[in-house]
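Given next are the chains, with one letter for each unit.
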Amino acid sequence: MRMLELFRSTAFRLAVAFALATTAATAAVFALVYLEISTSDVARLRLVLVDEASKGVNESDDDLKRALELRLTRDLRRLDYVALFRADGTLAYGNIEKIPDIAVDGEAHYVAAARPPGAAEGRSEPALFVARRRADGGVLLLGRSLLEVYAIRGTALRSLAVGLGPAIVLTLAIGAFFARRATRRLAIIHETIARIMQGDLKARLPLGGYGDDIDKISRAVNLMLDELARLLDQLKSAGDNIAHDLRTPLAVMRAKLERGLAGGADNGELRAAAGEALEQLDKAMVMVAALLRVAAVESDLRSSAFQKIDLAKICGDLFEFYEPLAREKSIEMTFETPGAAPMLGDADLMREAISNLIDNAIKFTPPGGRVRLKTAMNQDRPTVWVCDSGYGVPPTEQDKIFQRFYRGAPGQNAPGYGLGLSIAKAIAGLHDFDLTVADNAPGACFELRARSKAALAAYAEA
Amino acid sequence: MPVDRSVRLPTVLLVEDEPELADEIRVELRRRGYEVRLAPTRDEGLRAAREGDAAILILDRMLHGEDGLSIVAALRDDGIKTPVLVISALTAIDERIRGLKAGGDDYLVKPFAMGELAARVEALLRRLEDVRTTRLRVGSLEMDLVERRVNRSGRSIDLLPREFKLLEYFVRRPDQVVTRAMLLEDVWHYNFLPQTNVVDVHISNLRRKIDAKGEAPLITNIRGVGFMLHADA
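Protein chains in written order, with the working numbering: chain V, 1 to 462; chain P, 1 to 233.
Hints were generated in silico from the structure; no laboratory data involved.
Owing to the predicted nature of the structure, the values given are computational and were not obtained by experimental measurement.
Heads up, a few of these hints could be off.
[Stated by the list, open to error] Subject to a maximum C-alpha distance of 30 Å in a straight line, what follows is the list of computed DSSO-like cross-link-like pairs (lysine-lysine): (1) V:Lys-400 x V:Lys-329; (2) V:Lys-308 x P:Lys-101; (3) P:Lys-209 x V:Lys-363; (4) V:Lys-329 x P:Lys-209; (5) V:Lys-283 x V:Lys-329; (6) V:Lys-453 x V:Lys-374; (7) V:Lys-374 x P:Lys-165; (8) V:Lys-363 x P:Lys-110; (9) P:Lys-165 x V:Lys-313; (10) V:Lys-55 x V:Lys-65; (11) V:Lys-374 x V:Lys-313; (12) V:Lys-308 x P:Lys-165; (13) V:Lys-313 x P:Lys-209; (14) V:Lys-363 x V:Lys-329; (15) P:Lys-110 x V:Lys-236; (16) P:Lys-110 x P:Lys-81; (17) V:Lys-313 x P:Lys-101; (18) P:Lys-209 x P:Lys-165.
Using the sequences plus the hints, can you model the full thing?
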């Protein structure tokens with residue numbers, strides 16, 4: 001079973017393919033080497049013979065004989081054929097009886113079965129011959145046996161064959177080793193994933209420390225698991241918070257209805273209690289709606305549906321919308337913009353985010369205060385500021401206010417249920433904007449600003 | 001809310017698979033004088049919408065895992081133009097747009113107040129006949145949509161552009177409950193509910209301008225639901 005799995009694994013198949021490819025390449029190299037050996041020797045011999053024949057042909061008889069003798073004496077392995085024939089065809093000197101069946105043209109010719117000098121009748125060997133006619137009509141014949149060359153050739157072939165076998169075996173072994181290693185790592189990863197699927201969210205894929213592809217993927221999966229675990233945690237704590245915060249209106253509602261139904265309560269009291277209970281229920285419903293809204297925005301990925309929008313225009317409209325409310329509360333509300341603040345986004349959502357900020361600013365600013373709405377390109381990034389002269393946000397709470405349900409002390413009695421900033425933050429994130437708060441001494445200054453100029457570049461392209 | 005019982009009120013076809021919510025909606029709409037027919041599944045809903053005489057369809061987006069919007073698509077294919085109010089627990093941010101694109105006429109996200117639902121049903125039933133009118137008249141109030149002039153009992157009233165639009169919205173819907181959400185959606189084109197009473201401030205500013213001393217208030221608050229313009233004021 002394990003063997004079967006090994007054969008099935010991608011790693012093993014890769015190893016086998018690798019071994020085959022290596023073997024083929026090695027064999028090809030060997031073939032080339034062999035071809036080179038076998039042809040170059042013969043080619044060299046041809047040149048030498050032709051050259052010697054052309055030199056010898058013009059020498060005097062005596063000189064030539066001496067040279068031929070010298071050649072024969074030096075030829076310990078008896079590979080050379082030399083002969084000098086007279087014009088009538090008889091042998092003047094040499095170790096061959098007669099000219100082999102070749103053209104007398106000074107070129108090298110291959111003779112498959114030459115009879116070696118002094119050899120018994122019937123023995124033959126392959127050889128190269130050059131015959132060249134002399135001025136006196138005689139013929140100079142030079143030749144050399146190819147036996148030795150062929151022997152070298154055979155040796156080369158044998159040694160190549162001997163070398164190829166181990167090379168194949170070695171490649172296969174190396175491939176198998178790596179395949180096994182990869183398979184084993186994958187098996188461990190597989191087991192870990194199975195554990196995670198069964199709910200063990202703390203398990204992480206092992207890293208081999210090789211920095212290879214498997215490690216890279218494992219690291220990415222681990223990061224993904226970290227993020228998932230974080231989100232699950234967040235979800236869980238959000239769920240806890242929801243349960244906690246819904247409990248208050250529910251408890252109040254229950255108490256009011258109970259009092260209304262208690263003995264002795266008259267119709268008017270019952271109606272009043274029911275009305276108050278309904279108000280609590282409305283609170284709870286607003287909370288649920290806002291929570292669903294945060295979840296919906298956070299899970300939304302439709303930035304592809306983003307369009308060109310102008311924050312200055314959106315803020316201008318919102319200013320017109322909110323200014324009467326501010327005036328009603330004796331708050332001086334102003335709006336400044338030096339010009340368009342273009343971005344890519346969803347107008348509805350951006351409007352909602354900024355509206356939440358303005359809502360808060362007006363809510364948390366006492367009568368006689370100021371709310372300043374401003375939009376501009378800040379270092380090429382579209383930015384919106386909503387600043388007020390209200391209670392402000394203490395430095396220690398500046399991070400917390402964006403969490404779901406968080407409410408600063410001054411806001412405890414204000415309506416809003418602490419979700420507006422969560423929604424604004426989620427919308428900002430969806431648009432790749434940062435939402436931060438700073439001290440406005442007195443009051444708070446919220447800044448909604450694009451994280452990069454990319455938003456603008458994308459705008460230019462769109 | 002004044003209900004004229006002498007006129008046979010229209011039938012509402014309610015396609016809703018959650019029995020408790022369906023019951024509540026039925027009780028509420030019956031109380032307001034509507035005839036209510038209930039279809040708990042997609043197929044029954046579609047059959048009833050095709051065969052029946054429903055004046056309006058209230059349609060849950062999700063019906064036992066089936067998409068209620070497919071009913072709208074099927075009806076529109078048949079050329080049936082019965083107005084459809086889609087109610088939905090789906091909250092993805094483009095769900096509303098998807099619902100309206102599929103042929104729904106209005107979209108309401110759960111949880112909603114019954115008053116909101118009733119106001120929207122009424123608004124759909126009394127859809128504007130002729131939006132090209134250039135002059136509107138309700139009781140003592142006259143609006144010239146071309147000249148952008150308003151006068152009440154002969155007295156000229158100066159309105160800001162947004163106030164004019166707001167008033168026009170009311171004048172086109174006399175004696176009809178208009179909720180804050182409807183105003184935000186239709187007058188300001190905002191798809192969110194502010195947490196402050198900003199809409200009420202706009203209404204009271206408008207009221208201050210259109211109601212002279214001694215005149216009956218033209219627009220009044222309907223507690224817990226919204227506002228109404230009274231044609232007889």
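Q: Just pull the numbers of the violated hints for me, sorted ascending.
A: Hint check: nothing fails, all pass.
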